[in-house]
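Enquirer: Here are the chains, one letter per residue:
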Amino acid sequence: MKNRELQELERVLGEAVPAGLSALDPASIKKLCGALQHARKAQRAQMAAATESSLQHVPFLLRGAVKKVLGIK
Amino acid sequence: MSTLQHRAEMQRLARLLGPHTAGLTYLEAVDLATLKQLRERSTAMLYDADREALQRIANAARLLPSAIAALIAEKALGPLLCARIAGLLVVDTAIDIAKRLPPPFLAQVCLELDPRRAKAVIDGVPLARVIAVSLELARRGEFITMGRFVDILDTEVLLAVIDKLRDNGALLQIAFFAEDRVRLNRIIERLPAPRFGGIIDAALENDGELWPEALGLITELNVRWRRRFGEIALTRDADSIAHIIAISDAQQLWPALLPIADAVDNEQAVHCLHAVLRKQKPALLKRMLAAVDVHGSRMLDKLAELDWPATLRATMAAAANTRQASALR
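For the protein sequence lines, the chains are Y and D, in the order given. Count along the first sequence starting at 1, add 40, and that's the number in this note's numbering. Count along the second sequence starting at 1, add 105, and that's the number in this note's numbering.
No false leads were slipped in.
The calculated BS3-like cross-link candidates involving lysine-lysine, where the alpha carbons are at most 25 angstroms apart (straight line), are: (1) Lys107/Y with Lys180/D; (2) Lys141/D with Lys81/Y; (3) Lys141/D with Lys70/Y; (4) Lys224/D with Lys269/D; (5) Lys81/Y with Lys107/Y; (6) Lys224/D with Lys141/D; (7) Lys108/Y with Lys180/D; (8) Lys71/Y with Lys141/D; (9) Lys81/Y with Lys180/D; (10) Lys224/D with Lys204/D; (11) Lys81/Y with Lys70/Y; (12) Lys204/D with Lys180/D.
Quick list of simulated restraints, FRET-style, between CB atoms: (13) Lys107/Y with Arg286/D: 46 to 52 angstroms; (14) Gly246/D with Arg84/Y: 26 to 32 angstroms; (15) Lys108/Y with Gly128/D: 38 to 44 angstroms; (16) Lys107/Y with Lys204/D: 23 to 29 angstroms.
Hints in this document: simulated from the structure, not taken from any laboratory. Backbone N, C-alpha and C define an ideal beta-carbon position, used for all residues, glycine too.
Isolated chain D (complex conformation) (with noise of 0.2 angstroms):
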């Protein structure tokens, strides 16, 4: 899952530094707490750099009629300088700007700004024009910036997006990008039951395309929504269970997948689950009981008091004597 979030963290990086910036691959090694903090001392650096000239064009806007400031916006300054001049613009009068240009527009000046600078801006955007803007991001692909406004923008505002954004592989992928884990539960508290198996069935799509940011978001909830969204991936026909256990092997994903099994606690899911593993090659159960020893798994308590064809059975047997030695020592 770091992998992921630290090619996020590198798109974010490029996005601020602009096109030129297409080979920053001599950071790939670097950790992401430290890329984090790259992105967010050289936002600082662009912000600040010209501050003075960008403060002199905010002040200019105050003195045109908003019309004008918006085609000037538009037409003279573009998304870039538009992004950065948000913040420092009195909030009415961005807000009033901001209402008279178009969502296409607005989309592009969204890829550059910074949304915790300009949040007063931001919520000051009427809800029909977020929405508008949201689903242009989205038709755009824009998922890194999504999920930095997801960070700021109002929960209700959220809901109301979400409501209108009806493909659960783009709402996945912006969960998986958002930072901010505690609002996200928030979030998935009001979401719609429907979304939560819409969520499973698109990140199933075009053979698991999204199941690593599926797991990588899912993981990092709190133990109620990973037993939800656990207990609907596991109570699925046993072709569909198959083909996540498939791709979460072939993808070596069981550390993100063994934290979701194990908060489930649905007897159903788990019987599901066991009778699918039973048709699995012994290859692969060695491999998830790898897994297992690594990070461990309630789930494998649970499972090992079934039953087992023979072909398994000592497989299944020898590791629950490792975890109880492990677990007596």
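Isolated chain Y, as found in the complex (with noise of 0.2 angstroms):
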């Protein structure tokens, strides 16, 4: 049950889940787990946002090249 938990912690993180929160039990993992991707997905969530609005400042006569490589369509 809980190796479940960590192995979902490590995919999350990415690498290795530092040894000493194997001592936490399965349901602190899984907050853990759930606090790591609430701050990925609100991150994205901030940089779609951002990259949307921040063409309102750009002049118009660069938009097309900025959109270019923001891979904005």
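Reassemble the complex: the two chains are provided individually, in unrelated frames, and hints are given to aid placement.
Expert: In structure tokens:
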């Protein structure tokens, strides 16, 4: 049971889980996993919103080039 | 002290993971080293997770005049993304943009930044701007973040900031949260003399609110600076020394206080401490001596040779005998 939670945490972190965390109970590991995933999602959402709104500040003539670099169609 | 460092590490992690992680209480039992590892790995996860997209934004910034890039940074990207992108920009571009951003916004960026990932940029920001941002962070009480910058800023820059930051309580807290103690010793070596006394004064204000931080910091310094701080503290007036003893006793800080007292060579300081301890209740002395039994103390050997009132003589003699017996074993 706990191994499954630790594997999920390792997947989210993208590298080995610090050894000291293996002492946590499964529910706490799950909470930590959730906090990390939430932070990633929040960062991604913020980035998407910022990419869109940043174009409004770019001079019209430069927008095409900036869109191209940002990968926006 | 480890409790304070633990609290600081929890706050660093909470800052990194965002406001929705207010309840990290389930990590309170996790040791400090593990928390640090978790923060390092979480930082890497967040910086690397969207690296391609972040790099694209950084590349786009190169196409724009710095004035427009700075406008976008402030009005559209916001402090979190600016912090993530800072280390991915061409250094000169990043510096040019940073020069155009107002200090309050840069202070917000600092809160989200892993300074080690943007050291080249930080090193290129003009001194006046670094000072302005530092003062803004201090005004907001962001000492944990400032402590992280102590670990990477150039010593001369730090000294210039310290010169402008007149609040010794703030200085004490920033130093407490800095992780690189070697660097801290180097900075303290060049600290103007009045700041040493000022730091002790600040630590004792508000009934010793910052005294645990002060002890936590001083205990980890080289013996030379422990002696300096110890002698400044123990050559103050009797009421101040009694205050130091009362606070240290009430907060069970003897293990942190003893190594500082042990570094003291100044005879006047030993006599001042002795004069105050003579007036303490036997119960307090017993608690101090219990800490000495566990942690040892050179200062006790010096104190034991001095004259004690009858009520305390037996306690001091018993402690000295116990120490002699353990030394012989």
